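Chemist: If you want the building blocks of each chain, they are given just below.
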Amino acid sequence: MTQTAISVTGLTRRYHGHRALDQVSFEVEAGSIVGLLGRNGAGKTTLLRILAGQEFPSAGSVLIHGAPPTENEAVLRRMVFVREDQVYPDFKVRHALRIASWFYPNWSPELADALLADFELPPGRAIKKLSRGMRSALGIVIGMAARAEVTLFDEPYAGLDAVARQIFYDRLLAEYAEHPRTILLSTHLIDEAAGLLERVIVIDHGRVVLTADADDLRGVASAVSGPVLAVDEFTAGRVLWDRRRVASQASVVVVGALDEADRARARSLRLELSPLTLQQLVVHAAAQQANTADTLERTSA
Amino acid sequence: MPELAGLDEGTPLFAQIAERLAEEIADGGLAEGERVPSMNELAAFYRINPATAAKGLNLLADDGLLEKRRGIGMFVASGARKRLLAQRREQFASRYVEPLLAEAARLGIGADELLALVRESAQSLPFNTQGGVTV
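Heads up: the protein sequence lines correspond to chains C and E, in order. For the first sequence, the residue numbers in the working numbering are 1 to 301. For the second sequence, the residue numbers in the working numbering are 1 to 135.
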């Protein structure tokens with residue numbers, strides 16, 4: 001009995017003739033962690049802003065737990081949106097948290113305090129005096145302590161170092177385990193977050209080019225490199241994405257999972273096999289545009 | 001991806017979680033009747049999505065290697081270790097002997113020379129020459 005938390009149908013957003021979003025459709029199951037992946041300018045922020053009711057679509061519809069978000073306070077209180085470079089009024093950290101606590105019905109002051117300590121955020125500090133990373137941390141604290149049913153994170157960690165990002169991932173998992181909710185996370189640090197995601201939605205030039213279970217994408221494509229002749233022999237009859245050659249060496253990306261026999265064959269042909277990381281896969285998916293989903297489906301069948 | 005506690009890129013995570021638990025059961029690190037880590041414990045340790053961890057656990061449960069006890073968790077089923085060791089024995093030729101033979105052929109090492117090498121190596125290692133697994 002799965003419920004749909006976010007349902008997007010035919011969503012289009014035009015700016016001065018440019019389509020920031022073009023016929024975007026997808027669904028997000030309630031209680032899942034979904035990665036919204038794509039290059040800068042692919043349309044991720046526009047999409048999240050529309051989901052959060054902060055922007056109007058030119059066409060198409062968005063439903064959050066069955067209701068449209070725009071100017072709908074009942075929906076907005078069930079949803080928190082943490083944006084990259086959130087601008088705050090001239091407040092101290094603790095004031096921002098208090099205001100957030102009035103707005104979100106499930107707000108946890110204990111969690112907010114614990115996260116402040118984790119990120120070493122001084123509650124008495126003026127927000128405008130915070131570094132970029134600390135401002136990002138404040139956004140994360142609000143996003144998590146809100147315990148909103150639908151949590152939208154748009155590149156939430158600008159300026160945060162690797163240690164602080166790890167704290168974010170660990171706390172997010174711990175919170176999610178205790179208080180499951182729907183989390184949509186847009187990120188360009190794809191490989192870092194890959195393991196946390198249940199599903200991924202890849203957008204490019206305003207279009208959805210791939211939606212899949214994150215775990216299904218592991219090993220679904222591999223880079224094969226070695227002598228040209230051996231590469232040709234190994235890849236004959238397979239779907240190839242990218243082909244590069246220098247002197248007598250070739251490197252290609254083969255689509256489709258490889259089994260033990262394939263790997264043994266590659267070894268005997270002296271070929272290097274390396275599975276594409278999610279990040280690399282997204283790069284290729286974007287380059288292939290809308291064909292990606294079809295290709296992956298065909299090769300995994 | 002160092003933050004994933006040594007999991008590799010090329011295989012679905014759920015399969016790797018299942019494989020690691022199976023290894024632990026086969027090695028006796030997880031005894032029969034013992035409780036295995038919960039989905040959330042595995043998720044926190046490997047830093048992965050709990051649904052992925054659950055899929056790994058369910059794979060072993062569907063295989064009859066784990067049994068669910070409602071409200072308490074999952075436990076290593078009785079006979080699980082014996083079955084896993086038998087499986088491993090079946091896979092021994094394809095996983096270890098065949099690649100060994102392939103590399104030997106490539107280097108021009110004949111069967112006699114290879115056997116001599118195996119005997120020699122076995123003597124210098126603390127290897128049970130009587131065969132069989134000491135349980």
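Be aware that a few hints might be false.
Unchecked claim - Simulated restraints, written as ranges between beta carbons of each label pair:
# : chain 1 : residue 1 : chain 2 : residue 2 : range
1 : E       : R69       : C       : P180      : 37 to 45 Å
2 : C       : E55       : E       : S78       : 57 to 65 Å
3 : E       : D27       : C       : R244      : 54 to 62 Å
4 : E       : G33       : C       : P122      : 34 to 42 Å
5 : C       : E55       : E       : G64       : 26 to 34 Å
6 : C       : E29       : E       : G29       : 33 to 41 Å
7 : E       : A105      : C       : G41       : 47 to 55 Å
8 : C       : P123      : E       : G79       : 55 to 63 Å
Derived by calculation from the structure, the hints in this document are not laboratory data. Model, not experiment: these values are computed from the prediction. In this text, a Cβ means the ideal position worked out from N, Cα and C, and glycines have one as well.
Chemist: Any hints from earlier that this structure breaks? Give me their numbers in increasing order, please.
Modeler: 1, 3, 4, 5
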